[in-house]
Structure formats: C-alpha cells, structure tokens
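Colleague: Here is what each chain is made of, one letter per residue.
Number of protein chains: 2
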Amino acid sequence: MASGTLLYAQSGGVTAVINATASAVIQTARARKVKVLAARNGILGALREELIDTSRESAAAIAALAHTPGGAFGSCRVKLKSLDADRPRYERLLDVLRAHDVRWFLYNGGNDSADTALKVSQLADEYGYPLTCVGVPKTVDNDLAVTDCCPGFGSAAKYTAVSVRECALDVAAMADTSTKVFVYEAMGRHAGWLAAAGGLAGNGPDAAPHLILFPERPYVEADFLRRVQAVVDRVGYCVVVASEGIQTADGRFVADAGGGKDSFGHTQLGGVASFLAGRVKDELKLKVHWTLPDYLQRSARHLASKTDLAQALAVGKAAVDYALKGMNAVMPVITRTSDAPYRWKVEAAPLDRIANHEKKMPKAFIRKDGYGITDAARQYLEPLIRGEAPPPYGRDGLPRYVTLKNILVPARLPAFEG
Amino acid sequence: MASGTLLYAQSGGVTAVINATASAVIQTARARKVKVLAARNGILGALREELIDTSRESAAAIAALAHTPGGAFGSCRVKLKSLDADRPRYERLLDVLRAHDVRWFLYNGGNDSADTALKVSQLADEYGYPLTCVGVPKTVDNDLAVTDCCPGFGSAAKYTAVSVRECALDVAAMADTSTKVFVYEAMGRHAGWLAAAGGLAGNGPDAAPHLILFPERPYVEADFLRRVQAVVDRVGYCVVVASEGIQTADGRFVADAGGGKDSFGHTQLGGVASFLAGRVKDELKLKVHWTLPDYLQRSARHLASKTDLAQALAVGKAAVDYALKGMNAVMPVITRTSDAPYRWKVEAAPLDRIANHEKKMPKAFIRKDGYGITDAARQYLEPLIRGEAPPPYGRDGLPRYVTLKNILVPARLPAFEG
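Protein sequences, first through last, are from chains A and B. The numbering used here numbers the first residue of the first sequence as 1 and each following residue consecutively. The numbering used here numbers the first residue of the second sequence as 1 and each following residue consecutively.
Derived by calculation from the structure, the hints in this document are not laboratory data. Do not take every clue at face value.
Identical chains share a label here; the pair holds if one copy fits it or two copies do between them.
Simulated crosslink set (DSS-like; lysine-lysine; CA at most 25 Å straight-line) [claimed, not checked]:
{"id": "1", "residue 1": "K345", "residue 2": "K306"}
{"id": "2", "residue 1": "K79", "residue 2": "K287"}
{"id": "3", "residue 1": "K281", "residue 2": "K345"}
{"id": "4", "residue 1": "K35", "residue 2": "K368"}
{"id": "5", "residue 1": "K285", "residue 2": "K79"}
{"id": "6", "residue 1": "K281", "residue 2": "K79"}
{"id": "7", "residue 1": "K287", "residue 2": "K325"}
Construct the complete structure from the given sequences, taking the supplied hints into account.
Modeller: Structure follows, in structure tokens:
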C-alpha cells in the first residue's frame, strides 16, 4: 500500500449512525495498513491542526463506534465560502494536509461538506498536491442529491414513526376526558422527509397520524383547524405531525410567528408544535399536548434502523476503497435496485452533482389534500426503517456507548488565526 | 371457583407497561376461570355501563398487551369526591357492579384511584354487597406511598436516562461551533423522580447531565445561570435536566412564568425547558436547544425496563390473587428486600395507607448543592431501569402493538346522567 495518511472529518448535525460510518472508515483503513487521523470538530480541527490519532484507540473502541450516537471526534457548523473568498483557509487546509502527509481526505457530511471536499480537491489539483477527496454522505434531513437516501435518515425516520405510534396510543387512551389533540414536531427546515416518516406510524383515514404538515405545502390555518376539529369529531382525538419548516403562503416560517416576549419581557422560544398547539387551544378550545423531540430524534441510536446502520457502514467502507483507488471528488451513494424485495448497492457519484444541491420530496409522495403521505411514499420510506440494531446494554440498564481517548498528534505548523 | 365477574379499570395518565398489568390480570383470571370485564375509559365506563367483554379477545391479543403501551381499554382523568359529596355516582357504580355480578373490582391507577377503590369498598360494605376491591399501582410519577416504586416509573426513568445520554453525545459533538446548552424537560409536577432518573445518564462532575432542577428545591435564576456559564466554561457545553414542576422560592411554577402572548396576540404555550432556554439565550447569549418529550417519555414501550415490566406483570397477577382470596381494600406493592443484588417481592398493603398520600423524593437523594443526585439516589434508581424488554417488531420496522376489539357487553340498566 502507498504510504500516506487518511484524514477523516465529521461535519454538520450529527446522527445516530455517523459514528458507524467512522467505524467502518477506520476499520477498512486499518485492514489496509493505512494510518487514519480524524479532525477534531470537523474542518475546524483540520484548520487548527487539531488532528486525532485514531491508532491510539483500541480495536474494541473503534468497533463500539458502530453503536454509539453523536459525533465521536466532534463536528462543526462551518461552511467554507468559494475558493476566491476563502482562499487563506483553503490554503491553510492544504498546508495542514501536506504537513501530515495526508493523501486521502474523507469529509462526512451533507451538501455543504460535499462542496468543501470538492473545492479542496480543486485546490490540491491547482497546487499539484496529490490528494484524493471523497465526500461521505450523512444527514437526517435526507436532502442529498443523487443518493436514494442518506445514512442517518433511516434511524431518525424509525424514531419518528415509532414515537408517533406510541404517543398516539397514549392520546387514544386519554382522549375521553383529557388530551384530544397532540402535535409532534419533526425536524426538516426545507424538506418534509422526517414528517413524512411519521406517516408510517399508521395507515387508513382514522389511524394516527391524522394530519401531517409539510414544508412543501403552505400552512393555511383555517383549513388546518377545520380538519383537526373534523378528526376529533370523527375519531375522538387527533394526532398531528408537523415539520419544523412549514410556511404560510407568503413564505414566512410558522416557527417564527411566535418569537414574542412573555409577560416579563423574556424571549419566548417556541417552534411549530408549540405554536400549533396554541392555535388549537385558542380557536378550538380543545385540550392539547405537544412534543418537541429536537436532538433526541437524531441521536436515538437505541432505536436505529438496521437498514440505515448497514448503509452507514457501507458508505464508510466504500469511501476508503474509492480513496485508495484514487477516485477523486466522488461520494459513495446508495442506489436502490429493487423496492420489493428492497435491494440497494453503493456506487460512486461525482461530488459536483451533489454539492449545494438539495433534494425535495417528490410531489407524488404527498397526498392530494396535502395532509398525508401516499403509497409511493410508503414504498420509498418503509424499507429505510426496517430492522432493529440495538446497542449492547450494560448491567446498569444503559447502552454501552464508547468515549474515545481522542489524543492529538503534535502540531507541525504555527497556529492559524482564521 | 366462586361465580361472579371481575371488573378491571385503568385510571389517570397511562404508562409503557400499564397494559402489561392488564395482561397479567386477564391471564391470571382466565387461568382461574373467572370472567373479566374491563371498563371503557376507566371509572367513566363503569358509570356509563360501558363494559368491555375481554373474553372476546384472543389469548394472543391478551399476551400482546404485555408489550403494548398506552391504555388498551381507555383511561380517564376523573376523581370521585367524598362518599357524601358524590353519593349518586358511587351508588350508580354499585348498581352497575351488581347488575353484572361483579364481585371483584380492580382499579389500576395512582393515589386518586386508590382512594376511589377504597370508597367503593366502604360503600359496598355499607349496602351489604359482597365486593372485594383491590387497587393496582401505576404511575410514571413514582409518588405512591408504601410501595418502593411504581410500575410505569422504571420504564419512563430508563427512557429519560437513555435519552439524556444520547442527546448529551449530540451536544458534545456540536458545542464548538453550535449548541452549547441543552435543556431536557422531564415530567413530575410535584416530585422530581423522573428528573432524578436523568441523572443516571452520567456520573462525575463533568459528565452530562451537568445540572438537574428539582421541584423539591427552589429555582433561583441567578444561581442557575451562573452555574450554566461555569459548566460551559469548564466542559464546553452544559446539559440541563429540568422537572416540569420547578418553582421559585415564593411557590410560583416556573412553567407558568411564560404563558404570555406572541406578537399576534396568540397564546404562547411554553413549559419549563422553553422558559429556561429563553433565559440562557437572553442572559448568557449562548446557543441553546431544548426538548419537551411530553407523552413520549411515558409511552416509550420500545425502551421499557425489564425490571419495570416484571413488576407491572407481578402486581397484576397479585391483584387477582388477592381479590379471589377476598383480601379487600388492599393494593399489591413492591417491597425491596435487597439493593445489591437487587431483590423485590410483592406484598399486600391497606389502601388507606396509600390513598391520597404522595411520596416525595427523600432529601438524601438530592445533592447538597441542589443540582444533582446522590449515590443513595443512584442505588435506589439504577435497579429500576435495569434490563431491556423490547417489543417484537414487524417486517415494517415498527413494534407489533396490539389493538383490541373492545366489544361491549349489552347494558342492563338505564343510561346514567352523571
């Protein structure tokens, strides 16, 4: 095997299975005698030359990453701008890569990270530095182009479907004398993928969730409230799944409609579920409960989808394979080859087809009335939440999640202020 | 076996395992050839003479109740008043019991339900109607007297500890450039049991959760904010678990401090986590996320504690045993006989020692500084979340929760307006 180092970094919001990808990357590289460094806190660690020596971690610890949520090396929310606008940072990045003999750079993230990996590869090319850049897909938002689905989404989708089913049973039991409307807020600022996954909790006109609000359709309050009342009249209670990204017809985010001050002048943090619950209470005078799972939905490794885990591992392995083959500026993507039985494979796609694109839900996935998912959506979504992959539990009743040592290699360059 | 019917009813907020108790009740009674009716929507079904014929359900369906959350027959939030103040309703209840030859009444709930079961037994005695009343414990709040713990609590506690551990890993990965403070809101209006369970997620001064806010201690905002900042400075991020019931020193619920109007004059629904997050944002200028799991925490059968499940089944079986032995006005309670190894047994306790009492957390369970749990609390709590008892999953990736037919027996009395 060629000498040189592989640098791996995590980017953006973490998921229940991004560490599974990391685990596969490191295990695959180790099997091929390639040294792996991991940037601390994503691209920032690369800029700051804070590079974790993964060879200091035991084989057991690296294996345990596959069942540990969060981002084991730290992630970041930093988007590099264009090569021209951010040239000093790109050049610093190249300096750090060069200083540590990095020949393969794997960036595990979403659209922005694909863009960064692409630009780094262009810069390396410009400077004649031999570097292979591979993007590795990850996002609970499921909004990456080209790939059929994104590692991380399936587990968040499973969490959503199971949680909606469970709380719906609760509300059904209480509705006669207590809560009649329940609102579940799902992540998804621009696309309703996770809200749609909530639809897997039930099927049929009277099954929960009874109404789903998608960012792809305008929020029309009078229509929404009329439908809630109609469901309560017919079924006895109403479970609503709302995407955090729903907007009114004039393009304002409903989540921003609150944002007021409380009676003491303090900032009121709300969100969509809180807002909708308030409208139901004010206008329909119905007892309402609501939930904002927030980070729980993307870190619930205890409820990971086995399909999702397998794909997270597969893209990690493929990324190393591609890198070591010198396949530059690509990303391993999931290609669905069959719906029933569900079959998929990993293929290489050029980063420039993925960077900065955003995949919306197909129109055919949203029911004509705008408040539910279609059979086509079920056919797409259902395989992604299939199978269970629970973590091992300790005697204390808690999952055995691993914490790495994360020992940095000594810096070889002066500090960078950028 | 004596002829006659057993009536079972569920009351108050449901849990992940109250149906397991129902499953054990029906299975135990069936084995002894006793007919079981279940009141629809708790005591209301008994008053309305809406009685479900459980013999119409298959053995498989009754077995599946043991892994199905919610309340399979419906529950209710109705508290009967004193015998004098609510005599017409108590007498109607007795009429319905008599009309269906009910000789054993099992009421599955919390303090209020124990009180109702006690009063029904007193009334039956007064009228010379041969009836054995048994209370069956259930509550995620863990606030029943006499019993060491309450079925339902262990599973909600496990959900809380696992969820806090998972979201803490998420925040740790994001803190460098994004979320620095995370607030998790736990149920518990009067006692901090579930918030305390969040403390099981980690141990040691730098482990999440870094701060726990209990209803047993006054909320002092300046002190809280100072501590949040100190943890962020020291650890890099801060995870807070807050009980929904925290109060200021003058006895006002913090959750009610919001309750304002948004900029459009709409009601703002908030809660404790939302409020605390707003204070952190306003005063410390730190990026903050928060979660309100709400019903998810008490319906998460997918994450049930095996200990809790075993206890929920055991009290169901014991309740039938006690009833058929004619042990009147008692409740099967959990007695802890050993901490290490954890051992417990079920014993009968008189309802009048349980009705209307409320068990607070012992002072010795809260750390001296007021922001964490002690080793004594860990020793008490840890066995209750021990062991996993996942439901079976279908090919669709969802738990196989059962829905009963819930067929009513024909009414024998005129309708009751009460």
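Colleague: Looking back at the numbered hints, which does the structure fail to meet, lowest number first?
Modeller: Numbers 3, 4, 7, in rising order.
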